[in-house]
Amino acid sequence: MKIIVCVKQVPDTSGKVAVNPDGTLNRASMAAITNPDDLNAVEAALVLKEQTGAEVIVVSMGPPPAEGMLREVMARGVDRAVLVSGREFGGSDTYATSQILAAAINKIGVGPEDIVMCGRQAIDGDTAQVGPQIAEKLGLPQVSYAAEIKKDGDTLTIKRMLEDGYMTIKVKTPCLITCIKELNNPRYMSVNGIFECYAKPYEIFDYNTLKDDPLIDPSTIGLKGSPTNIFKSFTPPQKGVGMMLEGADKATCDKLAGILAAKHMI
Amino acid sequence: MSNYNSAAIEEFNGGIWVFCEQRQGKMMPTSFELISEGRKLADELGSKLYGLLLGSNVEGIAKELGGYGADGVYVCDSPLLENYTTDGYTKVICDVIREYKPEAMLIGATNIGRDLGPRCAARLHTGLCADCTHLDIDVPKYKDFLRSASTLAPAMIDSIKEDDRNLKMTRPAFGGHLMATIICPRFRPAMATVRPGVMKKAAFDQAKADACQIIKPNFSLTEADLDTQVVEVVKAAKKMVDLIGADVVVSVGRGISKDVEGGIKLAEELAEVLGGVVGGSRATIDSGWLSADHQVGQTGKTVHPKIYVALGISGAIQHKAGMQDSECIIAVNKNESAPIFEIADYGICGDLFKVTPLLIEAIKAAKAAK
Chain A
0 MKIIVCVKQV PDTSGKVAVN PDGTLNRASM AAITNPDDLN AVEAALVLKE QTGAEVIVVS
60 MGPPPAEGML REVMARGVDR AVLVSGREFG GSDTYATSQI LAAAINKIGV GPEDIVMCGR
120 QAIDGDTAQV GPQIAEKLGL PQVSYAAEIK KDGDTLTIKR MLEDGYMTIK VKTPCLITCI
180 KELNNPRYMS VNGIFECYAK PYEIFDYNTL KDDPLIDPST IGLKGSPTNI FKSFTPPQKG
240 VGMMLEGADK ATCDKLAGIL AAKHMI
Chain B
0 MSNYNSAAIE EFNGGIWVFC EQRQGKMMPT SFELISEGRK LADELGSKLY GLLLGSNVEG
60 IAKELGGYGA DGVYVCDSPL LENYTTDGYT KVICDVIREY KPEAMLIGAT NIGRDLGPRC
120 AARLHTGLCA DCTHLDIDVP KYKDFLRSAS TLAPAMIDSI KEDDRNLKMT RPAFGGHLMA
180 TIICPRFRPA MATVRPGVMK KAAFDQAKAD ACQIIKPNFS LTEADLDTQV VEVVKAAKKM
240 VDLIGADVVV SVGRGISKDV EGGIKLAEEL AEVLGGVVGG SRATIDSGWL SADHQVGQTG
300 KTVHPKIYVA LGISGAIQHK AGMQDSECII AVNKNESAPI FEIADYGICG DLFKVTPLLI
360 EAIKAAKAAK
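These protein sequence lines are chains A and B, in that order. Read in order, the letters of the first sequence correspond to residues 0 to 265 in numbering that gives the first Met the number 0. Read in order, the letters of the second sequence correspond to residues 0 to 369 in numbering that gives the first Met the number 0.
Don't take each hint at face value.
What the hints assert, rightly or not - Far from chain B, by Cβ distances over 12 Å, these chain A residues were calculated:
no.: 1; residue: Val46
no.: 2; residue: Glu49
no.: 3; residue: Thr51
no.: 4; residue: Glu54
no.: 5; residue: Pro64
no.: 6; residue: Glu71
no.: 7; residue: Gly76
no.: 8; residue: Asp78
no.: 9; residue: Glu87
no.: 10; residue: Asp123
Stated by the list, open to error - Listed next, the stretches of chain A that the computed footprint assigns to chain B, with coverage defined by at least 3 CB atoms under 8 Å from CB atoms of chain B:
no.: 11; segment: 205–211
no.: 12; segment: 222–236
no.: 13; segment: 245–255
As the list claims (entries may be wrong) - SDA-like, lysine to any residue: derived pairs with alpha carbons at most 20 Å apart:
no.: 14; chain 1: B; residue 1: Lys363; chain 2: A; residue 2: Lys231
no.: 15; chain 1: A; residue 1: Lys158; chain 2: B; residue 2: Val232
no.: 16; chain 1: A; residue 1: Lys262; chain 2: B; residue 2: Asp324
no.: 17; chain 1: A; residue 1: Lys231; chain 2: B; residue 2: Arg164
no.: 18; chain 1: A; residue 1: Lys254; chain 2: B; residue 2: Asp70
no.: 19; chain 1: A; residue 1: Lys231; chain 2: B; residue 2: Pro184
no.: 20; chain 1: B; residue 1: Lys305; chain 2: A; residue 2: Ala261
no.: 21; chain 1: A; residue 1: Lys158; chain 2: B; residue 2: Met239
no.: 22; chain 1: B; residue 1: Lys142; chain 2: A; residue 2: Asn228
no.: 23; chain 1: A; residue 1: Lys262; chain 2: B; residue 2: Lys363
Hints listed in this document are in silico derivations from the structure and should not be mistaken for laboratory results. Positions of the beta carbon are idealized from the N, C-alpha and C atoms, including for glycine.
Start from the sequences and build out the full structure, keeping to the hints where you can.
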């Protein structure tokens with residue numbers, strides 16, 4: 000049994016985000032981190048590994064420096080890592096990305112007992128589209144927003160969160176699951192793990208590795224193969240500065256209430 | 000590039016469609032929002048607007064969509080569609096789209112919409128833009144939008160060619176630091192999931208609802224098409240707070256940490272005198288002080304109430320992304336350099352535990368004086 004987990008290296012948008020004058024993101028000024036939801040997917044895979052002895056493999060698409068992130072994920076207990084990297088893949092939207100990642104997962108091979116896992120969404124694009132689109136390209140059933148996963152033989156019982164409650168869903172392997180932060184608390188790297196991670200198998204899949212897969216075609220990957228294009232990108236304006244009221248006492252509050260009343264807001 | 004890898008997009012002339020999500024036979028509010036927005040887009044395009052409704056015994060709730068602007072509703076009814084399944088809904092929707100060929104398709108960006116949209120777009124080989132907050136067809140209207148909502152230079156906005164007829168789908172990225180307008184020029188339907196609560200619901204028109212056409216497409220769906228089985232659907236026991244529908248939202252942030260219960264109680268009292276509900280920043284949800292349905296912000300709900308009160312919220316960009324379009328923002332914070340004051344209409348620099356009780360009394364008095 001194998002569990003293949005898709006992970007992405009993303010700029011940390013939780014702190015200060017720097018934007019270049021031309022409206023693009025100044026990535027160089029920001030820390031690169033492993034996408035938070037993806038760490039929940041890794042943790043879920045490691046829990047299943049402890050229960051079943053499954054092999055856990057991480058796959059990431061990105062530039063060569065993403066090796067550092069993949070080594071760190073292996074230091075948490077993942078067995079093997081694959082980096083999908085090539086200039087032909089650059090500029091891919093979610094559709095094209097899912098074609099490429101699905102081809103990479105095909106290369107690793109999805110057997111009848113296997114599971115593919117993803118984080119729900121990455122914090123740079125926030126699309127939550129790549130997981131379901133990989134599932135479609137692989138012809139696997141999908142369960143997204145997983146907050147609880149139980150495995151019994153070839154059947155998984157998954158608690159899938161909704162805004163107003165949840166659904167309990169049963170699905171058989173092979174399948175794809177997208178994970179949310181409520182699922183678990185990701186473990187840290189272990190000291191032994193850090194020692195071992197550089198000895199673990201690490202491969203790069205480039206265009207030549209994947210080109211024989213029917214999913215890999217110039218018309219379906221990279222910038223030219225992406226159905227969506229950016230028409231314009233821009234930064235939103237700051238709202239005009241409002242009024243700072245003087246003081247913080249009864250008079251201040253009476254003044255504010257008076258303004259709201261005069262504007263018929265209360 | 001424009002002809003590279005293109006589908007025969009001129010064949011897709013079946014109007015603009017809105018996937019109208021229902022749960023347990025009850026229409027989701029976002030369906031009415033998207034029908035209202037879709038009406039405007041269909042008018043810009045000179046096209047028709049249709050709802051697409053899937054479920055079991057749901058025909059009775061279809062016509063109401065006409066009251067918000069739908070010319071017709073495609074109703075796909077089957078016991079197998081009673082609960083949402085990715086496989087069942089995707090199969091039926093893709094089959095119906097291939098037959099009727101809409102130009103564009105809008106889906107509410109709920110947990111279900113964001114599961115369904117990408118699966119359908121991948122199967123149909125078309126583009127999908129996630130979690131949109133603004134939509135345009137006409138370029139002059141889009142330019143007006145950019146003039147008010149972007150920092151682009153006026154000359155740059157003026158230079159945009161006016162003949163583009165693609166659906167222009169605008170969405171925040173990188174936690175709201177950047178906005179991107181996405182088009183899908185070579186494939187149809189252009190697909191978008193749209194953030195709930197952002198598009199405004201139109202006034203309901205009974206005559207239009209009565210005139211709404213019901214269309215029942217042929218489709219096939221059997222048990223064998225379903226690889227996932229819904230064992231149960233559980234509604235949260237506690238009533239969820241309706242942040243999106245509220246006229247007033249009083250939110251609390253990390254500033255209540257020294258007395259969490261007291262801070263929430265003050266927010267509830269203020270919300271009550273203003274006729275609103277209580278929300279919270281991400282910190283209050285992550286700390287377990289409020290349940291997740293209260294979260295305002297990029298990863299929570301987007302609200303635009305008449306009055307938004309921020310008590311002890313610093314105003315991280317993630318939070319601003321969910322509330323900065325409120326009509327009137329009032330902020331109370333001890334730190335005079337808190338970013339929330341940059342977008343507040345009225346700011347009070349002070350301790351929320353001292354200011355809020357005074358504000359409650361002042362508002363009560365002002366209301367009594369009216």
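(message) Hints numbered earlier in the text: which of these fail when held up against the supplied structure?
(response) 10, 11, 14, 18
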